[in-house]
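**Q** Please model the entire structure based on the sequences and the hints provided.
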Amino acid sequence: MKRQFPLLLVFLSGVFMVIQYFVPAGFSEKAYEFLIDWTIIIGIFALALGIWSLVRVSYHKIKTGHPDAKYSMVTLAGLALMLFFGFQFPGYDYKEVYRASQARDYIATNFNNAGAAATEKVFLPENDTLSIDVATLRAELPQFADSVEHWVELFQTSDWFEGADNEAEDLAAVTAAAEELRAMVAQYDGVSRADTATLTALGAQISGISERGAEAANRLDGITDVYPFTGGLESYMFRAFFEHIMIPIQATMFSLLAFYIASAAYRAFRARNLLSTVLLIAAFIVMARVLEMGPLTDLVNKLSAWVLLVPNLAAKRAIWIGVGLGIVATSLKVILGIERSYLGRD
Amino acid sequence: MEEVKRQGPKNFNEKLMSMDRRWVFLVLGVVVIAALLTGIKAPLSITQEVRDVYNFVEGLKEGDNLLVAIDYDPNAKAELHPMAYAILEQAMAKKLKVITLTLSQNGAGMAEQVVRDVVDSVSTYHGFSPEYGKDYVFLGYRPYYALVILGMGQNFRIPYPTDYYTTPLDSLPMMRRIQNYNQVTGVIDITGSNVADAWVANANGRYGVKVALGLTGVSAADYYPFYQSKQIFGLMGGMKGAAEYEKLTDNPGLAMEAMGVQTYAHLVIIAFILIGNIGFFLDKRARKQRGEAV
Amino acid sequence: MVPLDQLLWQAFAVFLTLSVLSFLYKDNAFYKFAEHIVVGVSAGYFVIILYYNGLRPNLFDHLFEQNTWDPKAGQLYYIVPLLLGLIMWARFSKKWSWISRYPIALYIGIATGVSIPLEMKNRVIEQVRGTVLETGFDFGKTGMLGLPSGVWDVVLVVLVVCSLIYFFFSKEHKGWFGGIAKVGIYTLMIGFGASFGYTVMARLSLFIDRVQFVKNWVELLIK
Numbered sequence: 001m002k003r004q005f006p007l008l009l010v011f012l013s014g015v016f017m018v019i020q021y022f023v024p025a026g027f028s029e030k031a032y033e034f035l036i037d038w039t040i041i042i043g044i045f046a047l048a049l050g051i052w053s054l055v056r057v058s059y060h061k062i063k064t065g066h067p068d069a070k071y072s073m074v075t076l077a078g079l080a081l082m083l084f085f086g087f088q089f090p091g092y093d094y095k096e097v098y099r100a101s102q103a104r105d106y107i108a109t110n111f112n113n114a115g116a117a118a119t120e121k122v123f124l125p126e127n128d129t130l131s132i133d134v135a136t137l138r139a140e141l142p143q144f145a146d147s148v149e150h151w152v153e154l155f156q157t158s159d160w161f162e163g164a165d166n167e168a169e170d171l172a173a174v175t176a177a178a179e180e181l182r183a184m185v186a187q188y189d190g191v192s193r194a195d196t197a198t199l200t201a202l203g204a205q206i207s208g209i210s211e212r213g214a215e216a217a218n219r220l221d222g223i224t225d226v227y228p229f230t231g232g233l234e235s236y237m238f239r240a241f242f243e244h245i246m247i248p249i250q251a252t253m254f255s256l257l258a259f260y261i262a263s264a265a266y267r268a269f270r271a272r273n274l275l276s277t278v279l280l281i282a283a284f285i286v287m288a289r290v291l292e293m294g295p296l297t298d299l300v301n302k303l304s305a306w307v308l309l310v311p312n313l314a315a316k317r318a319i320w321i322g323v324g325l326g327i328v329a330t331s332l333k334v335i336l337g338i339e340r341s342y343l344g345r346d
Numbered sequence: 001m002e003e004v005k006r007q008g009p010k011n012f013n014e015k016l017m018s019m020d021r022r023w024v025f026l027v028l029g030v031v032v033i034a035a036l037l038t039g040i041k042a043p044l045s046i047t048q049e050v051r052d053v054y055n056f057v058e059g060l061k062e063g064d065n066l067l068v069a070i071d072y073d074p075n076a077k078a079e080l081h082p083m084a085y086a087i088l089e090q091a092m093a094k095k096l097k098v099i100t101l102t103l104s105q106n107g108a109g110m111a112e113q114v115v116r117d118v119v120d121s122v123s124t125y126h127g128f129s130p131e132y133g134k135d136y137v138f139l140g141y142r143p144y145y146a147l148v149i150l151g152m153g154q155n156f157r158i159p160y161p162t163d164y165y166t167t168p169l170d171s172l173p174m175m176r177r178i179q180n181y182n183q184v185t186g187v188i189d190i191t192g193s194n195v196a197d198a199w200v201a202n203a204n205g206r207y208g209v210k211v212a213l214g215l216t217g218v219s220a221a222d223y224y225p226f227y228q229s230k231q232i233f234g235l236m237g238g239m240k241g242a243a244e245y246e247k248l249t250d251n252p253g254l255a256m257e258a259m260g261v262q263t264y265a266h267l268v269i270i271a272f273i274l275i276g277n278i279g280f281f282l283d284k285r286a287r288k289q290r291g292e293a294v
Numbered sequence: 001m002v003p004l005d006q007l008l009w010q011a012f013a014v015f016l017t018l019s020v021l022s023f024l025y026k027d028n029a030f031y032k033f034a035e036h037i038v039v040g041v042s043a044g045y046f047v048i049i050l051y052y053n054g055l056r057p058n059l060f061d062h063l064f065e066q067n068t069w070d071p072k073a074g075q076l077y078y079i080v081p082l083l084l085g086l087i088m089w090a091r092f093s094k095k096w097s098w099i100s101r102y103p104i105a106l107y108i109g110i111a112t113g114v115s116i117p118l119e120m121k122n123r124v125i126e127q128v129r130g131t132v133l134e135t136g137f138d139f140g141k142t143g144m145l146g147l148p149s150g151v152w153d154v155v156l157v158v159l160v161v162c163s164l165i166y167f168f169f170s171k172e173h174k175g176w177f178g179g180i181a182k183v184g185i186y187t188l189m190i191g192f193g194a195s196f197g198y199t200v201m202a203r204l205s206l207f208i209d210r211v212q213f214v215k216n217w218v219e220l221l222i223k
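Chains W, B and U are the protein sequences, given in the same order. So in my numbering, the last spot in the first sequence is 346, and the numbers never skip. So in my numbering, the last spot in the second sequence is 294, and the numbers never skip. So in my numbering, the last spot in the third sequence is 223, and the numbers never skip.
Between beta-carbon pairs, the in silico distance windows are: (1) Leu26/B to Lys32/U: 16 to 24 Å; (2) Val80/U to Gly337/W: 17 to 25 Å; (3) Ala34/B to Gly326/W: 44 to 52 Å; (4) Pro24/W to Val218/U: 51 to 59 Å; (5) Lys95/U to Leu26/B: 54 to 62 Å; (6) Ser45/B to Phe137/U: 24 to 32 Å; (7) Ile51/W to Phe12/B: 53 to 61 Å; (8) Val128/U to Ile62/W: 53 to 61 Å; (9) Pro24/W to Gly63/B: 24 to 32 Å; (10) Lys2/W to Val128/U: 36 to 44 Å; (11) Leu26/B to Asn218/W: 53 to 61 Å; (12) Ser93/U to Pro24/W: 36 to 44 Å; (13) Ile51/W to Met144/U: 49 to 57 Å; (14) Phe177/U to Arg3/W: 38 to 46 Å.
Derived from the structure by calculation, the hints contain no laboratory data. The C-beta atom is built at its ideal place from N, Cα and C for all residues, glycine as well.
**A** Structure follows, in structure tokens:
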């Protein structure tokens with residue numbers, strides 16, 4: 001169980017992915033999509049591990065009075081502030097709390113989707129995964145209406161928003177449009193997918209209703225969040241920290257490399273023998289592309305293009321071929337269970 | 001071979017070869033600042049690999065879908081931001097439908113910044129206000145780029161059920177007609193990491209979508225083989241590539257300004273290499289004359 | 001007119017920029033402060049991005065919400081990746097860390113399985129195809145440096161083969177074989193030189209960008 005099963009899992013999933021590449025149809029296609037979807041999700045948890053490790057290390061330094069303890073506090077403070085700005089607010093409940101703008105968008109979204117389903121998706125070719133047939137459309141229309149009404153109710157009852165009373169007229173217009181959507185279901189009685197004339201007419205009608213509904217929803221901008229200090233990806237502080245702390249520090253830390261390459265070039269770049277002289281000359285030709293060379297400019301450009309597209313290309317191609325063969329060989333060793341260092345010890 | 005160690009003050013050759021590196025730092029810093037303040041311009045010739053990218057975008061029709069991947073963190077901002085600005089402005093002004101996304105972990109903020117500024121600029125200078133969801137979208141970040149790129153080849157909705165702002169994809173009008181790469185005319189990936197490999201291998205290799213790369217100078221030379229084998233249709237390398245693109249789109253920005261400074265900064269580097277080598281040769285000659293091993 | 005808050009934020013950013021640059025003289029408290037705050041803020045940023053651009057749309061929405069737009073809404077099998085993701089965290093327990101091998105194994109299997117055909121195609125087959133088929137061997141057309149382009153096609157093929165032979169260590173690099181390998185190593189050196197030349201420009205760009213940033217801020221102040 002501890003070692004054999006993981007090895008079997010690697011073998012099966014690896015072999016499946018290889019086969020899938022050559023037989024991309026039917027079941028294998030669906031399974032492939034699932035595996036991609038799932039692996040991304042699993043990966044997110046793995047990434048979170050790294051962040052937890054950072055917290056543990058910093059906490060440990062503070063607890064043991066490490067000389068850098070005060071800097072570890074700065075690290076943890078930065079982390080905590082970013083979490084505070086990024087999540088909506090302290091004590092927030094995922095299912096209950098929405099921002100007014102978000103709720104408004106969801107109403108508009110539902111209307112837009114209803115319109116799109118009736119006017120576009122019914123007409124897509126049947127093998128197109130976006131397409132829906134008439135029966136699905138009939139089932140979906142009331143769902144769109146339900147969803148809209150759910151958000152309207154939230155506006156009217158939730159403590160998270162204020163100003164809903166002044167918006168009664170627009171809220172009523174939204175509700176009315178939702179009702180109309182629901183009523184449209186009956187119009188599809190006996191209409192088949194082939195009857196494009198009727199479908200077009202009904203689609204236009206639904207599209208009209210949806211547009212009215214979405215417009216009314218967009219007018220609901222008088223409804224505001226009770227908590228002005230809302231967080232999320234669009235939060236002022238979240239963006240400000242990125243743009244004015246992360247960008248300058250990360251960019252400047254890397255810019256130190258400009259100085260180190262200057263000093264490295266000065267100390268280590270010597271024409272010791274023919275090989276290093278060849279390297280030096282190639283580097284000079286590529287560097288000369290940015291210099292003002294007067295009458296030589298044309299020659300330098302031609303020479304540097306030649307260096308890049310003939311010898312450089314040949315060298316890099318040989319390296320890529322080597323790398324490619326190396327990756328394939330290693331991957332095969334992993335799938336066949338010959339290379340198993342990823343399992344760790346034990 | 002015995003290393004002969006001498007005491008006492010260094011002679012001229014040795015001084016030439018071993019200045020304190022902080023002198024190198026100081027000279028480079030002063031030259032860059034001075035060159036920037038004087039606003040020197042540099043000559044700029046356009047290379048074919050950059051022109052290919054420009055011609056491709058220029059050849060698209062209004063309403064074509066173009067995917068621009070902003071796959072870099074703030075540390076590659078200097079070289080890649082100018083490329084992203086120039087390409088996005090060109091694309092939006094041409095009324096292409098632009099899909100942006102990021103597969104780099106700190107890239108979302110970079111992409112947001114570019115998109116926001118470019119939309120402002122296009123509205124101001126091109127008399128056309130791109131609208132979110134209709135003319136452009138920002139899909140945001142998903143981890144594990146290789147799988148995300150494969151997933152989009154099946155359906156954008158596998159990795160991206162929602163965009164960056166958690167809005168469902170189907171409620172963005174322009175995304176309703178886009179299922180996978182079949183509806184995308186081309187991908188321009190701007191990156192400093194090996195996300196580029198995944199775009200070439202997974203998007204072009206498996207799904208056949210056209211890919212061009214905008215790369216940092218560090219990796220640019222490595223990708224010429226893909227350009228020659230037509231796995232990518234164009235390549236922009238580093239600040240020079242960015243400046244060329246700015247020149248092609250007649251949209252001078254930070255990269256063109258920086259190229260003037262590059263000239264002088266390069267001269268500093270070349271001068272230091274020469275100084276080091278002169279010291280090296282003088283030293284070699286002196287040792288030979290003294291009969292020491294060289 | 002630039003809003004005051006923007007001006008202040010920018011001033012803070014300039015301060016941080018100079019703090020980091022001060023490291024060139026020697027390590028100091030300003031640099032340490034900047035270094036540590038960016039680690040924390042970046043980690044926090046990543047958590048938020050992972051939540052809103054990962055966990056929530058790709059997992060929680062499917063499991064806990066009944067949104068009409070979501071074809072995967074209410075699909076309970078999403079509990080499987082949730083569980084697999086959670087047992088990744090067993091790594092922190094000595095006793096249970098072996099369980100975390102299951103999701104890792106799945107991930108490794110998928111990643112390697114995907115890469116075998118794609119790497120083979122893109123780095124090996126396509127590169128060979130490019131060398132032989134994308135080269136036209138046209139001796140009538142003028143190519144680079146005034147010579148027929150076919151000449152450079154031949155040179156390219158020869159240099160690729162020589163460079164590959166340099167990497168072939170199963171036979172000793174002696175005699176004619178050693179001669180070919182020697183051409184290969186010189187080709188590789190030109191390649192590394194080209195990369196170095198490009199890298200110099202790349203590294204300098206990074207510093208020029210920071211000077212441009214500070215300069216623009218000063219210009220804002222003066223205006």
